[in-house]
Amino acid sequence: MKLGSPFRPRLLSALLFSIFLGSASATPAQERGELRIATSYKLMTLDPQYANLNENTSLLSHIYERLVYQDENLELKPGLATSWRPLSDTQWAFKLRDKVRFHDGSAFDADDVVYTIERIRDFLKPPSGGFRSYVSGIKSVSAPDPLTVLIETDGAVPNLPLFFSSLFVMNRPSEGVETTEDLNAGHPPNGTGPYRFESWSSGESLRLARNDDYWGGKPAWSKVTFRVIENPAARVAALSTGEVDVADAIPARDVASLKERGARVASVGAARVNFVQFDVARDTLPGVTDKSGEPIANPFKNPLVRRALALATDRGILVDKILAGYGTAAAQVFPNGLPGTSAKLLPEAPNYDEAKMLLAKAGFPDGFNLVLAGPAGRYPGDAESLQAVAQSWARIGVNAQPAAAPFSVFNTKRAAGDYGVWYGGTSGEAVDIILHTLLASPDPERGTGALNFGKYRNEAFDAMLARAESIAVGPERNAALAQATELVMADQPIIPLYHFHHIVGYGSRIGSYVLHPRGWTTAMQTLPAME
Amino acid sequence: MGMISVALGRLGQAFLLLIAMSLIGFIGIHSVGNPVFNVVNIETATPEDIHAATIALGLDQPIWRQYLAFIGNVVSGNFGTSYIYHLPAFELVMSKLPATLELASIAMLIAAPLGTGLGLLAGRRSGTLFDRTLVKASVSALSIPSFWLAMMLILVGAILTGWFPSGGRGLTASFLGQEWSFLTANGLWHLVLPALALAIPNIALIARLSRSGTIEVENLDYTRFCRAKGLSARRILFRHTLPNISVPIVTIIGLQFGGMLAFAVVVETIFSWPGVGKLLIDSIQLLDRPVVMATLTVIAVAFVALNALVDLFYAVLDPRVRLSS
Chain A
1 MKLGSPFRPR LLSALLFSIF LGSASATPAQ ERGELRIATS YKLMTLDPQY ANLNENTSLL
61 SHIYERLVYQ DENLELKPGL ATSWRPLSDT QWAFKLRDKV RFHDGSAFDA DDVVYTIERI
121 RDFLKPPSGG FRSYVSGIKS VSAPDPLTVL IETDGAVPNL PLFFSSLFVM NRPSEGVETT
181 EDLNAGHPPN GTGPYRFESW SSGESLRLAR NDDYWGGKPA WSKVTFRVIE NPAARVAALS
241 TGEVDVADAI PARDVASLKE RGARVASVGA ARVNFVQFDV ARDTLPGVTD KSGEPIANPF
301 KNPLVRRALA LATDRGILVD KILAGYGTAA AQVFPNGLPG TSAKLLPEAP NYDEAKMLLA
361 KAGFPDGFNL VLAGPAGRYP GDAESLQAVA QSWARIGVNA QPAAAPFSVF NTKRAAGDYG
421 VWYGGTSGEA VDIILHTLLA SPDPERGTGA LNFGKYRNEA FDAMLARAES IAVGPERNAA
481 LAQATELVMA DQPIIPLYHF HHIVGYGSRI GSYVLHPRGW TTAMQTLPAM E
Chain B
1001 MGMISVALGR LGQAFLLLIA MSLIGFIGIH SVGNPVFNVV NIETATPEDI HAATIALGLD
1061 QPIWRQYLAF IGNVVSGNFG TSYIYHLPAF ELVMSKLPAT LELASIAMLI AAPLGTGLGL
1121 LAGRRSGTLF DRTLVKASVS ALSIPSFWLA MMLILVGAIL TGWFPSGGRG LTASFLGQEW
1181 SFLTANGLWH LVLPALALAI PNIALIARLS RSGTIEVENL DYTRFCRAKG LSARRILFRH
1241 TLPNISVPIV TIIGLQFGGM LAFAVVVETI FSWPGVGKLL IDSIQLLDRP VVMATLTVIA
1301 VAFVALNALV DLFYAVLDPR VRLSS
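Line by line, the protein sequences give chains A and B. Take 1 as the starting number for the first sequence in the numbering used here and just add one per residue. Take 1001 as the starting number for the second sequence in the numbering used here and just add one per residue.
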């Protein structure tokens, strides 16, 4: 057939060419001074007191501020409060910063702090969560003058200033209380922070503009745009092509290729720990059997078994291979050197012979079978860690069958008691808070042991922790916490595995990026490159 | 009268379909896990926080009661509030629909003419090098997993050449009260790679259909008579062959378009295109039940509507359909 067809190939290819390759200017002209950040954090709500998740607090900390700020060493620094001191065991006075204004122009004063506390304590409806525990010890709060807040507590709360490092201060509206719905439905968020709210599209983007009246000086960037990119490969791609200046939560395996493409990378050990936790309470456990598959009595009640498994855990492989070096082997709840950690607790190298001996001494010369559960895709290296731990345990005869599940499924099953031993992770503002929730005996009255799913109980440790918690923040408290940690870790209620590193990549427009061990991603952490 | 009963039957089927879909979806998402653990921060929440949230979300009720409550809400035009975003679930879905709609439309605007044209050309010249190449290329285009195709497009189109952005929607402009990317040059530029990722398998699919139809029709008597009558090859192809092969092509375009609206999940996730597919997969991961249910309902309605449209189109395209009804 002759080519008298309507398709004129030359025309067609020219058209295709113009469609596909037409203009090489893929990126629009950048406005000077705009910072573009690709973040894995998906802002859920514009209510700063809705949920205590990094997803929200990272992004909202541009708009709202706290009375007290936790710096990169987790030390408390003045925020909206310039100073604070205990008047007695149950009374605190906070002095507020003068001449601070909210974005709508109204002045910040003590009444706004009172409102913030009242809103969290009395008005926030579930399912919001996580903040109320910070104010539950507060008996009354008053504002004797516009720049002073007096707080009375039920009993001693030496951690009160620390708690205020998690609470964003809101502006008291002319009447009533702002609900979460009000804030999400376009009622513009009104804070004192360095950037003003411009627009938000859920799961998509958050746009901010500089607050020129910021009390701490003019912020570095005229505009900040956060793009929510949950897929790590897509974040890496966006940074490689220069579409964004900063990308957070970079997978360790992509660091080398990013560096090749000229991006720089910053990392810091996270103020958190990933661990293996044992159920030490029940008499029999699901998935724990002898070698022939018959159920056995809970072996984890015996500290020798826990110790043997800890000795047979190769943290080096986890850190070097699975986390590609972007992790620190753990022996306690925070990386060594942060306040409240013990310098004596150092990660051990595996000792399989001793582990085997301990296991034999505990009555399991041939080992046993267990199912090692864990979440997949929640923490760096989580599912792979199950495999690696299972392999090292196999060397002492304990056959661990890894069972990874999506985080929500994992939590549902753990709450239902479907697991006998599992991988977990936790973070917090300070060492004592993690010890309090993870290792203290479960006690709903005192609010301890909320994450102690293994129902571990150690009265000596409880007493030491309670004593440490009664001491005012400072070196003495830190030493007492370190001591309590040493005591409890010797009993091995958990096997600390690693502190993964937060990794952030940044491009040429950024001079440096200061990572925070709490894993926040903010514009305030960037220093623009000299232009 | 006939038309009305057909329409009523159609509506009845659609209704049953929606009920079945909602039941399956509800039980499915219910059996995955407990959404409370995604709503409160499991690392800091106290047992009371968890308990209070469980009651607030109605999760302490038996599942049949939760389902009835859901149906009751839907009947009164309300899909509930997203657990995660605390926004009305239906509004959330509708706010993501334009992004998906424009992506799928542009992908189909590329795929339908290109696929049909290539297929016609190949069918008419079957056995030639062009035809054999097209058949082979379409097989590989259809068997490439979409995530790999999307990654390759990013690698070549964004990272190696820097021609296109690697993801996101770019600048949008407001039209009909919604934000659209295709109205700005920058937004259009962001559309190219994800639209291609969606279009390429569809080009292959449509081209194969149109090729086989063309081969079949080219050998039929009426084509031969047309040729004998001296009609130009071009006229035969467009006036006679194309209408006669169009019914299956329109069907597949309709189905694929519905599929793209609903299940462009992979492409939307990789290009971080904030559409319905991505919302659905995010919501399933976070067990955000109201949003999952609202999304599924919107998708089911879209499928039913598209199928009805396709049926209507048959009547326009093929006189035999008109006559029989």
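Hints listed in this document are in silico derivations from the structure and should not be mistaken for laboratory results. Built from N, CA and C at the ideal position, the CB exists for glycine as well. Wrong hints could be hidden among the right ones.
To be verified - Stretch by stretch, here's where chain A covers chain B in the computed footprint (C-beta under 8 Å, at least three residues):
#1 1035 to 1042
#2 1277 to 1284
What the hints assert, rightly or not - List of simulated lysine to any residue pairs, SDA-like, C-alpha gap at most 25 Å:
#3 A:K139 - B:P1047
#4 A:K413 - B:F1026
#5 A:K223 - B:P1047
#6 A:K259 - B:M1152
#7 A:K455 - B:F1026
#8 A:K223 - B:T1172
#9 A:K413 - B:T1184
Evaluated hints:
1. 1035 to 1042: Our answer is that it holds, as 8 residues pass the Cβ test (under 8 Å) against chain A, meeting three.
2. 1277 to 1284: With 3 residues in contact (Cβ-Cβ under 8 Å with chain A), the coverage given for the segment 1277 to 1284 of chain B holds.
3. A:K139 - B:P1047: Given pair K139 (chain A), P1047 (chain B) holds - Cα atoms ~22 Å apart, limit 25 Å.
4. A:K413 - B:F1026: Roughly 19 Å separates the two Cα atoms, so the pair holds.
5. A:K223 - B:P1047: violated, 40 Å
6. A:K259 - B:M1152: OK: K259 (chain A) and M1152 (chain B) at ~21 Å, within 25 Å.
7. A:K455 - B:F1026: Status violated; Cα separation ~34 Å.
8. A:K223 - B:T1172: It holds: about 18 Å lies between the C-alpha atoms, which stays within 25 Å.
9. A:K413 - B:T1184: Answer violated: K413 (chain A) to T1184 (chain B) is near 48 Å, above 25 Å.
Checked against the numbered hints given earlier, this structure breaks hints 5, 7, 9; the rest are met.
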